[in-house]
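Protein chains in written order, with this note's numbering: chain Y, 293 to 1086; chain R, 1121 to 1404; chain L, 85 to 241.
These are calculated hints, taken from the structure and not from any lab test. You may find that some hints are simply not true.
Calculated pairs, BS3-like style, for lysine-lysine (alpha carbon to alpha carbon, straight line, at most 30 Å) [as the list claims (entries may be wrong)]:
id, chain 1, residue 1, chain 2, residue 2
1, Y, Lys-410, L, Lys-156
2, R, Lys-1160, L, Lys-156
3, Y, Lys-301, Y, Lys-895
4, R, Lys-1158, R, Lys-1279
5, L, Lys-87, Y, Lys-349
6, Y, Lys-341, R, Lys-1163
7, R, Lys-1163, Y, Lys-559
8, R, Lys-1158, Y, Lys-410
9, R, Lys-1200, R, Lys-1158
10, R, Lys-1200, L, Lys-156
11, Y, Lys-847, Y, Lys-829
Computed from a predicted structure; not experimentally measured.
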Amino acid sequence: MPDNLFVGKSVPRTIEADKVTGNAVYIDDLKRPGMLYGKILYSKYAHAKIKNIDTSKAEKLEGVRAVLTGQDIPDARVGFLRDQTVLKKDVVRQFRDEVAAVAAISPEIAEEAVSLIKVEYEKLPAVFDPFEAMKQEAPLVHETDARGRPLKSNILPLPWKFEVGDIEQARKDAAYVAKDTVSTTWVNQCCMGTSGCIAEFDQNNNLTMYDQTNVIFGHIGRITEYFAQIGLAGKKIRVVNPVVGGSFGTKLDTDIYEFIAIQLALKTRKPVKILFDREEEFRALPPRQPAVFNIEQGCDKEGRLTFRNCEAVLDNGAYTSWGATTPSVMIMPMSSLYRVPNVYFKATCVYTNNIYAQAMRGYGNPQATFAVETSMDSLAEEAGIDPAEFRLINRNRSGDETPMKLKITSCGLEECITTVKDRLQWDEKRGKKKGRGMGMASLIHVAGGARVTKSDGHGIMVKVDEYGHVDVIESGTDQGQGSPTVISQIVAEALGVRPEDIFLTFGDTALALWDAGTHASRHTFMAGNAALIACAKAKKQILDMAVELIPKIVKGGFKRKKRKDPEFVEPDLDYGLTANAEDMDIRDRMVFPKKDPDHRYFKIPVAEILRNGLHVGTGESKVVAAEAFYDPPTEMLNREMKGNLSMTYAFGTTGVEVEVDEQTGEVKILKLVSAHDVGKAMNPTLLLGQIYGAAYTGVGYGLTEEIKVQNGRVMNPGFRDYQMLTAMDVVPIEPVVVEPGDEDGPYGAKGVGEPGLVPTAPAIANAVYNAIGVRITDLPITPEKILTALKERK
Amino acid sequence: MIDYDYRKPGNLEEVFNLLREYGPKATLVAGGTDVMVKIKNTKKAPEILISLRGLKELCYIRKNGDYHIGALTTHTMLEKSDLVQEELTALYEGASRIGSVQIRNVATIGGNICNAAPSADTAGPLLVLDAQVLIEGPEGKRRVPITEFFTGTYKTVRKEDEVVTGLQIPVEMEQFGSAYWKQSRRKAMNLPIVGIAVSLRLDNKTISESRIALTVAAPTPIRAYKAEEFLAGKPMDDEVLAEAGRIAASEASPRDSIRGKEWYRRDMIAVFVPRMARLAAERR
Amino acid sequence: MKKVLVSFTLNGDPVTADVPVTWTLLKTLREYFELTGAKEGCGVGECGACTVIMDGQAINSCLCPISEVEGKSVTTIEGIAHKDGSLHPIQKAFLENNGVQCGFCTSGMIMSSKALLDHNPDPTEDDIRKSIAGNFCRCTGYVQIVESVEMAAKEGE
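Only chain Y is shown next, with the shape it has when bound in the complex:
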């Protein structure tokens, strides 16, 4: 079995050279003929009645083409729980509520027009704390639900409850029990490219959205539902991605600004671009879901976990996006990180007048893992067991079925934990030096798709032309992870050509088959598997063609030679070598017989085969094209939040050594070891990029980042005061790639996009505790919190 030529190698990103020459076209750079620019007027209050909107001055401004308020468009409801309208008509429920929108010939004019719109408000009492909002006397954020039925409480009717086993009994049986309360706050995804789209209708009211969404087909679904409510039922929608400047979860829902662009385009009959500036991106973009966890765990005398019991409260903000579904991912670490037989998890989402949240890299897993891994250390201490040892005792193993019914196939967790221990010199150095500490945390995440919609399918089409070029039409999207390179490696390997022969299209619904979405770290696994199926088909077509054509090509060549040189004697060849497709193969652009790979006459370029197959001159010409739609045999979560929703799971461990300055409270990371079970690395250099980037974001999550919200208002809407780390904030990251392989992944690969982030913050928190004996349970772990805790300890 020959070595892989491309898979597993660090093939460079040559395919994306436009990004280094300034030629890549992002939504910021995209212009459509006649395009107008849209801007949004946001609410002035966190909770208020809209008494009156006066748009007269705005409408008169030269260059303005449309001004819309909630009065001008249908009351259609959108969002996960249909709890908001596109433009707010009677009530505003948060500072970022969209009250009006303008389309004009330049962004400056649009902005000027927005400032000329006068809105009269009548303030209403507001609530900014989910615990306050749960109380009987709290003001209601929503008076009615989507169907107009009156609401009595701010608690959302969502079914996030999981129960397996008997917690009461397990608690009685436990030798040691630990109880902790932890909390995480809002953080911004900080994509360098801000949100934006262009909406464009054709004459027949079919829509094209130039849009950065990762969920191109889900997007169509939501817009289709919206269309049905606004008199455009049956119209076609096409979603096309430009080059996307990062996603990190921001592009999984259909956001209000996208519906606004659609309405402005409808009104003006022109393409309309809405592009967020950075301040808007901080104020108006839904961030990561905050959560408060009350978590309790118990273990027996040998350190085996007997139960895990957790109740979470999520500040849902004023409306509902994917933040409210994060519990469906939180259940994964809650029930399945480490072996634990009895589990109870309940998450309550509560409306408040704060900003609402969407997805962010990890999608609830970082928050929940912070709770679980804080508790693990807490319990290890109660039990008098070393935290690393405690995790090894309870580690997941291949063949496990977790309480949530996840089937663990490949599992490199043991190797991750032990490697982290080694690299940190855990046994030798931990707790030995004053002010220094070590901590670790692990993760489990979906890595083989994630059935969150009824189909978890991924389609791909592969076309090989007579020049030996391969067109791959991918149904996924590209946010910059390196998918074009990885998929071209897989296709090149599977077909027997080279990566530079591959040309890919991503993110265009007019061309693509269907895909559930580039989320849940699923792309390489899903697209890779689909590609293997499609390439096998295409390869068979090529080889069938070769079987038919090689004798003709070779003999034709001999005929021509004979004509030129009558002395020429046709060699006596064994045409049996090329008589069956199973006896043929393709490698490095050449078709050849397996029994004689360097045959002088039978080793022929793929391009030549296809050329001869197409230009036959007499009926029966052929092209080579194949498709595949891969939907793995996984399950959706049932009502009890159980189901094996992925084909395989990623594991990993992050270990951190810190030094804490007890005078300033500052935490310095001396070493961060990030070990990940990736099945198999498709492209080591690209893989490292995911590990570094995710770990770095995790460090920000643990130590410096927070959106400061005061009475519903974002107080730090810019990079100046939102503490995303710079290149000067060095974190020595040591990545470790663990490759146990995976029987279901393409070439054994599993997903890795999100895992790098998940355990970072709890590893830091655990290290800080080891260093100074105080546990910070509220992210981010700032110097102020450390100093306060140290003072209180005294």
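Starting from the structure of chain Y, add chains R and L where the hints point.
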């Protein structure tokens, strides 16, 4: 909509003429890293921006008896100057920690002090280096000690028709070692949570005299005179320095703000005055 | 809206921009010259996505009033490849070493790096990190960007 005229005079005379013509409708601009940001954020602009970047003669760093620094000197120039790094180290540290390379390449020391943010990173160093601010107007030249230059948050003694042309630091400061600490959440692209500058002159192991300046600790950058008085004549030991830190912290009147809490700022003053004093002493 | 004529050298060519006086260098590059490599990531000099080189120095073009560019020499990402189209060592290194992921920060990163290498062909890691401290990146965690610049510096020798 934002609209303004932009002029770039070639000499001071022209600047004064424009200032006289436009009065309060004009704003002086140098690097633009404060003025342009303010225009973008407030969506308000003056009628005319008068650029000082054509006044090349105000771009200098010299030691001519005293130290002379032109108002149009960029932070990058200060950062790259051996003279500043070796002999006016606090100023080197202040200038080199501002923003980013891109900011420092255009932002000027004159702009930094005229903007007069309580957080200005060159203010603390200039205060501990006894700088004098050279101001010129249609009526002539004057000089103001930096200790009297800041009158309030974003306010200085500079009159509307005047231009700050440079800074002068007395040659006596070459006997002082100095240091500046910018306490911030990350190592670049941050305003300080609190800034601590110290300069001191040693006589053997005793502190003959010192200067301590605090930024983001009051409405303007301030000197901690009581702490300085306390240190005079005292030995360089931990207890003495710690006490000086505590006194300096008590002289400050920091607030709670988005960047930090009042108590944290006081605590950091107490922590860093001793640390910067030690550093300054090493550099003597 | 008053307009100005500003003449300067852009990627080696003499040009004149005829734009409103309130336009920044960034807006002029993107809208007047249609060079969209430099990006507006924040508009207030806080992210570095708009970084270009002016008279040898890296600057935030979003803060540079166009009038200040008169007589100067400006280089953008579109101007650093060789005349025959082959890539500059920095551009090559970023592709080879995964210094590019989503690419939005890349133009600015490369220009900041180039400004560094033009003055300091043998930088330390600290020098490199300092030169890109004003360029935010969310994708890479900076590690492979620093490695790319190191790679480019070596090749330049």
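Structure-inconsistent hints, enumerated in ascending order
Number 1 - this is the single hint that the structure violates.
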